[in-house]
Amino acid sequence: MGLAKPITAKDADEEDKATLEGLVADVTAAARFTRQHAIAAIYHAGSGHPGGAMSSADILAALFGAELNLWPDIVNDAHRDRFVLSKGHGAPALYAVAAHYGFCSPRAALALRKLGSPYQGHPHVLDLPWVETSTGSLGQGFSVALGMAMGLKLQKSQARVYTLLGDGELQEGEVWEAAMCAAHHNLDNLCAIIDYNKLQSDNRNDAIMRLEPLAAKWRAFDWAVAEVDGHDISELLRTFRRAAATAGRPSVIIAHTVKGKGVPYMENIPAWHGSVKLTREQAEEALAALGAQRDEIREFLDDRNG
Amino acid sequence: MGLAKPITAKDADEEDKATLEGLVADVTAAARFTRQHAIAAIYHAGSGHPGGAMSSADILAALFGAELNLWPDIVNDAHRDRFVLSKGHGAPALYAVAAHYGFCSPRAALALRKLGSPYQGHPHVLDLPWVETSTGSLGQGFSVALGMAMGLKLQKSQARVYTLLGDGELQEGEVWEAAMCAAHHNLDNLCAIIDYNKLQSDNRNDAIMRLEPLAAKWRAFDWAVAEVDGHDISELLRTFRRAAATAGRPSVIIAHTVKGKGVPYMENIPAWHGSVKLTREQAEEALAALGAQRDEIREFLDDRNG
Amino acid sequence: MTATAEAPALIGSSGDSLREAFGKALAALAGEFPKLVVLDADIAGGTGVHHFRAAHPDRFLQFGIAEQNMMAAAGGLAAVGLLPVVTTFAVFCLRAVEQARLSLAYTRRNAKIVASHPGLDVGPDGGSAQALEDIAAFRAIPGMTVLSPADPLEMAQATRAMLEFDGPVYMRTGRSPAKRLFDEDHKFEIGKGQIVRKGKDVTLVACGVEVARALEAAEHLAEEKIDARVVNMATIKPIDAGLLARCARETGAIVTAEDHNIFGGLGGAVAEALAASNPVPIEFVGVKDTFGASGEPEELAEHFGISAPFIAEAARRAIARKGKGK
Amino acid sequence: MTATAEAPALIGSSGDSLREAFGKALAALAGEFPKLVVLDADIAGGTGVHHFRAAHPDRFLQFGIAEQNMMAAAGGLAAVGLLPVVTTFAVFCLRAVEQARLSLAYTRRNAKIVASHPGLDVGPDGGSAQALEDIAAFRAIPGMTVLSPADPLEMAQATRAMLEFDGPVYMRTGRSPAKRLFDEDHKFEIGKGQIVRKGKDVTLVACGVEVARALEAAEHLAEEKIDARVVNMATIKPIDAGLLARCARETGAIVTAEDHNIFGGLGGAVAEALAASNPVPIEFVGVKDTFGASGEPEELAEHFGISAPFIAEAARRAIARKGKGK
Ligand SMILES: Cc1ncc(C[n+]2csc(CCOP(=O)(O)OP(=O)(O)O)c2C)c(N)n1
Ligand SMILES: Cc1ncc(C[n+]2csc(CCOP(=O)(O)OP(=O)(O)O)c2C)c(N)n1
Ligand SMILES: [Mg+2]
Ligand SMILES: [Mg+2]
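Residue numbers (the numbering used here), protein chains in the order written: chain S, 1 to 306; chain H, 307 to 612; chain E, 613 to 938; chain X, 939 to 1264.
The set of hints was computed from the structure by calculation and includes no laboratory data.
You may find that some hints are simply not true.
[Said to hold, decoys possible] Computed from the model, here is a short list of chain H residues facing chain X with C-beta under 7 Å:
1) Arg-419
2) Leu-421
3) Gly-427
4) His-428
5) Gly-442
6) Leu-444
7) Gly-474
8) Gly-479
9) Gln-506
10) Ser-507
11) Asp-508
12) Ile-514
Here a beta-carbon is modelled for each residue, glycine too, at the ideal position from N, C-alpha and C.
Generate the whole structure from the sequences, applying the supplied hints.
See the structure below:
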C-alpha cells in the first residue's frame, strides 16, 4: 500500500531519543495550535463546546501527529487508519488538528457552524473527506468504529481504528454493548481513548452518574486498559504504541484530562461545556493564555465572515 | 399497611429450622407445579419458550412463595413488593407460579397465547392485575423496575422491587445504563436476579456474545453481588434475605441454572429456547419427568379449548 | 478585571424560547401536581428543566446520558403513582422510541415526554441534531398524544394541560427565541386546533414555530388579496379532524407547515384526516426528505424551504389547484 | 423411542414465509455480492438468516442481543466497503431508530435493515412484539427507502434489488406462511407499484401480507359487481406517486390496507401523495391506533379489522363517497 510516514511514534522505539523529543515538540505545537484554532472558531461561530475541545487537544494532536497512519494524501486509501470522534461535540478540536496537519485550510475551518460551510457543529462524513463518520449523538461513534474495525479485520487489513469518547458518553448503554462486542470479537485493531475530564454537560460525572471504578468496568468487559495523563504527550505516544502491540483484545486508554485545559478561566468549570458564546474579550484572554502572540490573536479573531 | 404473611423466609432466620424446612418443601412443590403448568400451557398454545421457563421456576417459586410481600389480596396495595419479569418470554412460568399461589386460576392460565385470553405470550400489565409492567423487549423490564424502586424510595415506602433477567438479556446496553443508574442512586430496595442458564436464543452465551467475567462486571458497576445455585431453594431464600439486608447498594443475584431444567430432553439444548411447538408425546414425557402422575398429565393436557 | 469573572453566556435560552416557557411553567406547576417528578439526561439547561430543579431538587431525577433507561424508568415511576416528565432533545427521544412504545404507551402510563431542540430550529449544532422525524415516530405509537404548541404562552398552557391529561404524551418545545403570538385570553386545549387568523381562500395549518411563519405568509398573501386562514394545530394527535373538514369545505385548499420532514408529520396527519372526509388539494411545507445543516434557524428555514415565502407560495399553488382535481 | 430424539418444531418458519424467502435469497446471493455481510442479534432462526449463516459462516456477524450497537456498527462496516444487512424483528428496529438515522441515513451508507415479525402477523407472541409503527418511523428518516414485498417470490426479487440499490433501505419481511401471489414473470422494482388486478371502480393499495387480503376482498367485491383494482405497493418510500395519481383519476376512490397502525404508514404515504396531486376519497384499513394481542394472525386480522371483509367494506365506503366531496 506504500503507507509510509516520515517520522511516527511507531518507529520511535527504534529511533534515537532526540527523534522522540522532536516528535513530542512537534505534537505539543500542534496541540497548542489546536486549542487556539478551536477557541477562535467557537468565537466566530457564536456557539460551540470549548471545554471538551481543550481537554482533548493533546490526545488529538498525538493521534494525528504521530500515531495514525493517516495523512492528507491518503484519506481515501482503503488501508488508512481510521479515527472517529465519538464525542462529536468536540468537532472544533478535530477541525483544528486536521487543519494543522494539512487536511484542510486553517482559515476555512474557522467558518464553524455556518450555513454552507462543511464545518458543521458536529462532524459530518458527507461534508469532509477526512471525517470517517458523522457523530454528535453520544455512543454511536464508538459502535461505528467497532464496525470499521470488524470490517477491516474481515478484509485482512492491517489498518487500525481509533476513537475518542467523552466520559459522560460512557453512560450510554450503547457504549457497553459495543465494549462487550469488541471484546467478544477480539478486535485488537480497535483502540478507544476516554477523555476523562471528570465533567459532562451539566456537572461532574460524580454528581450526574458516577463512573468509578472506571478501569474496573473496562477490565470486566475484557479490554486491555491503560491509564495515562492525557496532557502528557510522550506518555500518550508510548501508550498508543503499547495498545497497538496488544494482541487478541481491544485497548482502552483512560486519559485523565482537565476540561478547559489551557484556558484558566474555563478549567474544571462545567458551565464551559457548551453551547457558550465567547465574547471578544474572553476569546482574546483564552488565546493569550494559550500562548498566542498579539498579531496571532488579531489574525485569529478579526472578522473573516463578511 | 398491615402487610403480614403467614410464614415467609423473612422470618425464617428467627424461626426454627423445621419451619424453614417446611418452607423449602412448600416452595419446591410450587416450583414443580410451575414447571408442569408451564409445559402444559406451552403445549396448548402451540408455541412458547419452555427452556427459560424451566430454568427460572425455582427462582420464581422462591420469590412468590417466600420472599415477596405480595399475595393475591394486596395486588393493589401501594406498599406491596413488586416483581418484574424482565425476561418477558418467561411468561408461562410467571403465570404458572401466580396460579399456584392463588393470583389466578390454574385452569384459566392454561389459555396461553390465545386471542381474548389475558395470558399473552408476554406479560401485559393491562391484562392481569398482578403483572406490574409489560415486558417482552429485553432490557426494558429492568429499567422499569429501577423506576419503581426509585419512586418507592421517593415516597418513603419500605416496599422492595425484584426483577428477573435472562443472561442473554445482559447484552442489552439498557441493562448497563440501568445498572449504573441504580448504583448511583443507591437503590438498595432493588434486587436483580440473573437466570444464568448460559444459553440464549440461538446458542451458548459464549458463542453469541460472552458475558464472563460476569460477577466482575456487576461489581465494577457497584452492585452487591451474590452467586448461587439457582435450583437450590434454601440457598435462594437465604440469599434473598441477605440482599434485602444490604444497605446503600442494589443487589444482584447471579443464579446459576440449567436451561430446560427438569425436562431431560430439553436440558442445555439451545433449540428448546423457543418458539417451539410441543407434541403431545413431548409434553407427556416432560410432565412425567417433572413428577406428574398419569391422571395429572391427562388433566393438564386434555383439550380445554373447545 | 479579566474575562474569568464573567459567566459564559448560554445560547438561545432567552426567556422567550418554548423550552424556557416550558421549564418555567413546569416549575410553577410543581405545587399543584405533587406527584410530578422530572427526569433529565444531563441536559437540564438545554431543555429548560433547570428551573424545575432549582425549585424542587428533590423531585428532579438525574439519569445521566442514558435515554433508553430514562424513558423506560418513567414507566416504573408512573407505575408507583408518580407523574414523570421525561426531558431530552427531540433527536435523543428517537433513541428511546421502543421504550416509549412498550413501557409508556403499551402500558398506558400517565407519563409525559417533552422534547426540546426539534427541527431546523436547533440551528448551529447542525444536521445530526435536528430531529425531523420525531412527530412521525411518536404519532405512530398507539395511544400516544402528540403536541407542538406555538408560542410561550401556549406552551405554558399546554404544560398544564399535559399534566392534567391522563395518558402518555409527547410534546415538542423549541430551542430558539419564539415570537409571542397569543394574548392572555388564548386557551389551549388538547385535541383542538384553533383558527388564529380568519380567511376564506385557503387554510394554512401549522404547528410549533411554523405558526408564526404561517401568519407572516398570510400577511404577504393579503397584499395579493388572497385571504388566508391560519390554523394553529398544536395537537397533532389526536388531530382535530372536525376543524380540518370545516376548513376544507370553507376554503377548498390546505397548506400544512411544519419544522419536520414532509413525510409522516403534521402534513401526513392532515392528509390522512382530510382524505377520510373532505379530500381537497393540500400542499406540504416541510423539509423535503433531507437532513438539516448548521446555520441560524431563520437562514435554515429559508434554505430548506419552510420560511414564510415558501408557505405563501404553497398557498398560491394550492389555490390554483382548487376544483381542478389536480 | 422417546420424545428426546425429536428436534423441536420451529413455529411458522415454513418455506413459504417472507422471512424464509428472504433468508434463502440472501444466502443464494452471497456469491454475487462478495461484500455482503449479515448482522444478527441472536435471532437468526427467527429472521431467516440462519440460511446465510449455514452457507457463509465467515460473513455472518453476531452482535448478541444489542440492536443499537448492531445498527450503528453497520455504518462502520459500510464505511470500510462492506455491504451490511442488519437483521432483527421489526419491533427491535424501533430500538435503534436513532442509530439508523445518524449512522446509516445521515451518513448515506449503503446498508440495509431487514425486519422480520412486523405487525399482527407476529401472532401469539402478543401485542408487545407486534410492531405497528415501523413503517412510519423509518419512512420519516430522510433518504431511507422503505420496502414491504408481498409474496415469497417478490421477497426474493426485492432482496436482490435492495442489494443492487445504493443507499440505506428498510425492508419488512413477515413471520407467518405467506400466500404465493405471483408467478415467475413478476418483476419487482424499487419505487414502482404494480397493478396486480385490473378494475375501475376503486383501487385497493396494499403492501406486505395485506396484498393477499386485498385480492381476496376484490373477489368478494366482484360478486357484488364492484370492479376493484388492486395495487401492490411494495415500495412505500419513495411512493409511486405517478401510479397513485393514475389510479385516483381512473377509479376515483382509494383504499389502503396495511398490517400497521393507520397513522403514518402506507396510508399516510398514499394520502400525502394524492393530496398533493389528485385528492379523492381514501379509506384506510390498518390497526386503528391500538396495540395488538396474542392470537393467530388470521384471527387477529379479523379482530383488529384488517382482514379481507374489512377491506371490502372500506371499498364500499370509498365508492359511496366518490364525487360527493365527502
Ligand atoms: C445521545 C446523546 N445524548 C445527549 C447528548 C447531549 N450532550 C452533548 S455533549 C454532552 C455531555 C458530554 O459529556 P462528555 O462525554 O463527558 O464530553 P466532554 O466532557 O468531553 O465534553 C451531552 C449530554 C448527546 N450529544 N448525545
Ligand atoms: C430487545 C430484544 N431483542 C431480542 C429479543 C428476542 N429474544 C427473545 S428471548 C431471546 C433470548 C434471551 O436469552 P436469555 O436472556 O438468556 O433468556 P433465557 O435463556 O432465560 O430464556 C431473544 C434474543 C427480545 N425479546 N428483546
Ligand atoms: Mg467529560
Ligand atoms: Mg439464558
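Each hint, compared with the structure:
1. Evaluation of the Arg-419 of chain H hint against chain X yields a held restraint, the C-beta minimum of about 4 Å falling below 7 Å.
2. Hint status for Leu-421 of chain H relative to chain X: holds, with the closest Cβ pair at about 3 Å, below 7 Å.
3. With a least beta-carbon distance of about 4 Å to chain X, the hint placing Gly-427 of chain H at the interface is held under the 7 Å criterion.
4. Checking His-428 of chain H against chain X by beta carbon gives a least distance of about 5 Å; that is within 7 Å, so the hint holds.
5. Below 7 Å, beta-carbon pairs count as interface contacts, and Gly-442 of chain H has one with chain X at about 4 Å; its hint therefore holds.
6. The beta carbon of Leu-444 of chain H is positioned within 7 Å of a beta carbon in chain X (closest approach about 6 Å), and the interface hint is therefore held.
7. This hint holds: Gly-474 of chain H has a C-beta 5 Å from the nearest C-beta of chain X, less than the 7 Å allowed.
8. Here the hint on Gly-479 of chain H is kept, as its CB sits about 6 Å from the closest CB of chain X, short of 7 Å.
9. Interface hint status for Gln-506 of chain H: upheld, as the beta-carbon distance to the closest one in chain X is roughly 6 Å, under 7 Å.
10. Because the beta carbon of Ser-507 of chain H sits about 5 Å from the nearest beta carbon in chain X, less than 7 Å, this interface hint is met.
11. The interface hint given for Asp-508 of chain H holds, since its Cβ lies 5 Å from the closest Cβ of chain X, which is under the 7 Å cut-off.
12. Interface hint status for Ile-514 of chain H: upheld, as the beta-carbon distance to the closest one in chain X is roughly 5 Å, under 7 Å.
Checked against the numbered hints listed earlier, the structure breaks none of them; every hint is satisfied.
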